[in-house]
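*Asks:* Sequence:
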Amino acid sequence: MNMQNVLVVAAHPDDEVLGVGGTIPLIKKSGGRVTVVIVTDGSSAQYVGDEEILKRKQNDSIDANNILGTDEVIQWDFPDMRLDTIEHCRLNGSFEELIWERKFDTVFVQNGDDINLDHQLIYKSIMVATRPIPGQPVKQVLSYQVNSSTEWGGRTQTTIFCPNYFVDISETLDTKLAAMELYEDELREYPHPRSIKSLRQRAAVYGNEVGYEAAEPFKLLLFRGEIGLGRAA
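Under our numbering, the first residue of the sequence shown is numbered 1, with each subsequent residue one higher.
No lab work stands behind these hints: they were computed from the structure. Certain hints may be false.
[Stated by the list, open to error] Cut-off 20 Å, straight-line C-alpha distance, at most; resulting in silico cross-link-like pairs (DMTMM-like, lysine to aspartate or glutamate):
1. K124 <-> E87
2. K197 <-> E151
3. K29 <-> D105
4. K124 <-> D113
5. K55 <-> E72
6. K197 <-> E209
7. K197 <-> D174
8. K28 <-> D105
9. K219 <-> D113
[As the list claims (entries may be wrong)] Pair ranges (Cβ atoms, derived):
10. E51 <-> V205: 38 to 44 Å
11. W152 <-> I53: 21 to 27 Å
12. E189 <-> P137: 39 to 45 Å
13. R82 <-> E189: 23 to 29 Å
We put the CB at the ideal spot given by N, CA and C, even for glycine.
With these hints in hand, go ahead and build the complete structure from the sequences.
*Replies:* Below, the structure is given as structure tokens:
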């Protein structure tokens with residue numbers, strides 16, 4: 001899969017590391033460019049009026065992405081945990097403008113059935129913004145798994161996350177975990193799924209499913225190109 005100009009969409013700071021933190025360094029190693037857009041402020045719902053933690057989270061995202069090798073982090077200021085108060089067309093338009101201006105060929109986005117409503121709404125907007133209309137620069141769209149959100153989003157055959165594309169992150173798992181450790185406000189104690197030990201275990205489980213020591217799982221939603229970077233199931 002040819003990934004030269006990649007957009008990783010994250011509802012909140014840390015989502016990009018949880019879902020794509022092992023794959024980003026591999027894209028960079030292969031010569032690609034990676035931009036992360038964090039859609040919400042990431043703190044205003046849980047920490048109302050706390051400017052200190054808002055700034056800390058934004059700094060954490062920059063530091064974490066520096067570890068991953070991300071080329072650029074774009075911080076939007078949509079309200080955290082309140083995207084349902086934003087007109088859907090406004091969110092659609094923001095993504096469309098960014099994608100068409102930067103000509104991304106690949107977009108990673110959160111899973112549409114996550115328990116977090118912000119994730120669901122962003123997924124819907126990305127599917128609008130990446131429609132394969134004439135001139136659309138995006139050739140591939142993949143949704144990713146976020147610990148403590150995707151696995152809690154549903155247990156039926158129509159909602160459970162069912163990846164069909166896996167990337168071997170055996171050599172970059174420690175880099176991913178080092179980046180995640182900078183998000184101290186988001187980490188929890190084991191056996192919470194957002195603990196470092198659980199992240200390592202989750203990567204091992206997905207890796208074992210396809211013959212790797214560790215893997216990141218994705219659901220391939222749109223593809224126009226040649227397979228290359230990962231393994232399709």
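*Asks:* Quick one: are W152 and I53 within 21 to 27 Å, going by C-beta?
*Replies:* 24 Å, holds
*Asks:* Does the Cβ pair E51, V205 satisfy 38 to 44 Å?
*Replies:* Holds, since E51 and V205 (Cβ atoms, about 39 Å apart) stay within the stated range.
*Asks:* CA of K197 to CA of D174, is that 20 Å or under?
*Replies:* OK: K197 and D174 at ~11 Å, within 20 Å.
*Asks:* Take the C-beta atom of R82 and the C-beta atom of E189, compute their distance, and say whether it sits inside 23 to 29 Å.
*Replies:* 28 Å, holds
*Asks:* Between K124 and E87, does the CA-CA distance stay at or below 20 Å?
*Replies:* 13 Å, holds
*Asks:* Note whether the CB distance of E189 and P137 lies within 39 to 45 Å or breaks it.
*Replies:* 43 Å, holds
*Asks:* Does D113 sit within 20 Å of K219, going by the straight-line distance between their CA atoms?
*Replies:* 12 Å, holds
*Asks:* Is K28 within 20 Å of D105, Cα to Cα?
*Replies:* This hinted pair holds, its Cα atoms lying about 15 Å apart.
*Asks:* Between K124 and D113, is the straight-line Cα distance small enough, at 20 Å or below?
*Replies:* 10 Å, holds
*Asks:* Take a quick look at whether K197 and E209 sit within 20 Å of each other, Cα to Cα.
*Replies:* 19 Å, holds
*Asks:* So if I understand the rule, the pair passes when the alpha-carbon distance is 20 Å or less; does K55 with E72 pass?
*Replies:* Since the Cα atoms of K55 and E72 sit roughly 17 Å apart, the hinted pair holds (cutoff 20 Å).
*Asks:* Are the Cα positions of K197 and E151 separated by 20 Å at most?
*Replies:* Within the cut-off at roughly 17 Å; holds.
Checked against the numbered hints listed earlier, the structure breaks none of them; every hint is satisfied.
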